[in-house]
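**Student:** Here is what each chain is made of, one letter per residue.
Protein chains: 2
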Amino acid sequence: MEKFFEPKSIAVIGASRHKEKVGYAIFKNLLSSRKKVYPINPNAKKICGRIAYNSVLKIKEDIDLAIIVIPAKFVPEVLKECGEKDIKNVIIISAGFSESGNEKLEKKLVDIALKYNIRYIGPNCLGTINPHQKLNATFFGKNPKKGKIAFISQSGALGVAVLDRAIEKGMGLSLFASIGNATNIGFSEMIKYLDKDKNTKAICLYVESLRKGKKFLNVVSKIKKPVIVLKGGMTKKGQEAAATHTAALMSENGVYTGAFKQCGAIKTESIYELFEIGSYLSKNKPIKGNRGIIVTNAGGAGVLSADAFEKNGLELAKIPKSIIKKLDKELPMEWSRSNPIDIVGDATPERYKKTLDIIKKGNFYDFIFIALTPQKMTNPKKVAKILVEFQKKSKTPIFSCFMGGELIKDGKILLTNENILNFEEPTYGIGMISKMVK
Amino acid sequence: MEKFFEPKSIAVIGASRHKEKVGYAIFKNLLSSRKKVYPINPNAKKICGRIAYNSVLKIKEDIDLAIIVIPAKFVPEVLKECGEKDIKNVIIISAGFSESGNEKLEKKLVDIALKYNIRYIGPNCLGTINPHQKLNATFFGKNPKKGKIAFISQSGALGVAVLDRAIEKGMGLSLFASIGNATNIGFSEMIKYLDKDKNTKAICLYVESLRKGKKFLNVVSKIKKPVIVLKGGMTKKGQEAAATHTAALMSENGVYTGAFKQCGAIKTESIYELFEIGSYLSKNKPIKGNRGIIVTNAGGAGVLSADAFEKNGLELAKIPKSIIKKLDKELPMEWSRSNPIDIVGDATPERYKKTLDIIKKGNFYDFIFIALTPQKMTNPKKVAKILVEFQKKSKTPIFSCFMGGELIKDGKILLTNENILNFEEPTYGIGMISKMVK
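Chains as they are written, first to last, in our numbering: chain A, 434 to 871; chain B, 434 to 871.
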């Protein structure tokens, strides 16, 4: 598997001189990788200044990885040549196989790979990126920065959207792979590899179908890194769409939901959730229990947060009497005297600090959720500073929900820079937190 | 009711010279309204250059609206004075009534109002804003721009967050009112007024409890403007929190859900949803049916969209054979031949246009959902232009989901400027669309 992500020499079968072609985009991306890259194209003498070969068989040096980007019908023949050249790792970008009804053509690939002991990614995929090796083996023209999240996508086009968003948000990736129809290398092989990859701390998957469900279950059960899944085709209509897309096999939703639960994978409901949770778990341990404490200066935000706790199976931690007594001394008469701890609309940053200092002494909760709206005495940036300092000293996970616009902007930026996960509003955020509980 | 929102003369009981006080903030906001504003404060001679009065009874001119912002225990006395001065409209900002366990004190207000025929908003509220009159009768220091959405909130602090966000996003409001404990003027009175208000096209509510449920039902059933509700305290834990916040009465969730459905109010799940739907319905009619058509260049996005359709009770419109034939002529062989219409990863803007032009001819769907990821041939900005042109000619609602980062940015801006609702990802967006179907 290493040769997919750390190859020393690469052949691009279908490399092109024409800028509008996929074969040009991939070759160009690879040229900036400082690897040995060989263009294969019988109709060109040179491509981007490199001598082009008729076939991989014409190259004298060893090739670690071949990337195939030619029309589907020619793929079996060149895959065979890869076998003859003793290339064991191949990425097949080309589309036009089972997803377009050409099952027979796809079967040929499976057989050739078996015969020559080739492992391939694809067909019908976008390729792979390893930011830690500056290796971009896709036709996507930009590079995400180095990070700790691996993303394996069955859909290339969703992969592109995610890469583009990751780059905009400054989110780093450890590895990216689009595995397309996945008739040889599937999720299980990828996850096994990622478990050993020292750069990867969390594994995000976009799955349309698992051809080998039991194998997936076994692999995910055994690994210690968090696996976060977005499953497309969870409904009948979605499955029908998936069948035309990556030739995914039909199966019961219940089977997937049950299987994910059983093996400890975290099932998410949207692309956004997949990456927020992946990002959090790449830097933090899962939350150790479901007892949360809400601190807020806004009664309404406390109510919505409490609603979201109950809807998502989280528990409002019961505040011990001794802690209530201490809070009574520091907080104004109108405070809520229960969880959510409503420290009232005129709460200063100092009042947030005092409250946190008091509850810090008790061992009655697993995480803290701060809901804030920008009122007269609030000073969101100072509150953000207090939360950051608290997080540095305490091992308890702390999440925030600063609600508003301009007035909370500086506070939000500070929180994000200091790795406190801030949500725009409580309902959605608390749903996400519930999925990060161990 | 008009005098709450279009008063000619206003007395601020508790106006203050001290900048950190709420009584200063309100008085200052009102001074810039170009209304006659009188400060009432027995301990000051002048406030911001205006002669201060001992009591409203000392003012010779008629007063349309009094705003009370003094400690709770003094409120009944000054409310009485308002009655004697024949002031019929009062906003009671002061907190410390039933929400803090002082039911008796609150009962006094109810009785005095009854005796003098006073209508009051509050107590325990933030006040009101009428951008069309440049009237800011709250202690919030900024002004939202004129718009078509009215927002009535039982929570002042959530109100602040929403105002701040509205200002940042450039979202206009027709009216804002925080009604707090709502022991006199409640949602029903507000909605009745808003139904007649020519500036208001959609009514958004944050509700913690309805003291007069049947009245609410009756009023909402009769009005034609869309009413969109976020209900806090839908769970047991949420209700307990609401009880300490606005002294909301406990009630069954089912009762609320059923009631909202019966009277045609749209129930939302988050602040974000409340305003996205409110904003859409303030400018557009509800969608006339639940049959949607998905057009996408990304198979995975099509799968997730189809999943969201089914989860939210939307129907994937069946494409008539005649339309399929026409599409066959224009689209590449690999297109999905069903709904979602997957026009394949290399789709150009022109291909989007051709697809829309063909389906435009059929009457088999109620809305269009465009899911796009930024691939090699995509050109998101040109696709956005095509959608804008399509929307201008067609009466069919069109929604979009441009997924990605930098590459889709220009397209997204164009869509937003031209009033096409664009979602960041399909799951959440389609949930929202389902609530806008008539």
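Hints are supplied without guarantee of correctness; some may be wrong.
Which copy is meant is left open, so a pair is good if it fits within one copy or across any two.
Stated by the list, open to error - With a straight-line cut-off of 27 Å between C-alpha atoms, the simulated DSSO-like cross-links for lysine-lysine are:
#, residue 1, residue 2
1, Lys815, Lys575
2, Lys759, Lys436
3, Lys871, Lys793
4, Lys645, Lys629
5, Lys718, Lys625
In short, the hints are calculated from the structure, not lab data. Quantities reported herein were computed from a predicted structural model and do not represent experimental measurements.
**Student:** State whether the alpha carbon distance between Lys759 and Lys436 is at most 27 Å within one copy, between copies, both, or neither.
**Tutor:** Neither, since 61 Å and 46 Å both go past 27 Å.
**Student:** Should Lys645 paired with Lys629 be assigned to within, between, both, or neither, using CA atoms and 27 Å as the limit?
**Tutor:** Intra 21 Å, inter 62 Å, cutoff 27 Å: intra-copy only.
**Student:** How do Lys871 and Lys793 come out at 27 Å by Cα distance, when the copy is not named: within, between, both, or neither?
**Tutor:** Close inside one copy (21 Å), not across copies (50 Å); limit 27 Å.
**Student:** For the identical chains here, do Lys815 and Lys575 meet the 27 Å Cα criterion within one copy, between copies, both, or neither?
**Tutor:** Answer is between; shortest inter-copy Cα gap is 21 Å, intra-copy 37 Å.
**Student:** With identical chains, the pair Lys718 and Lys625 could be close in the same copy or across copies; at 27 Å between alpha carbons, which is it: within, between, both, or neither?
**Tutor:** So Lys718 and Lys625 pass the 27 Å test inside one copy only (20 Å; across, 52 Å).
The structure is inconsistent with hint 2 alone, although it conforms to all the rest.
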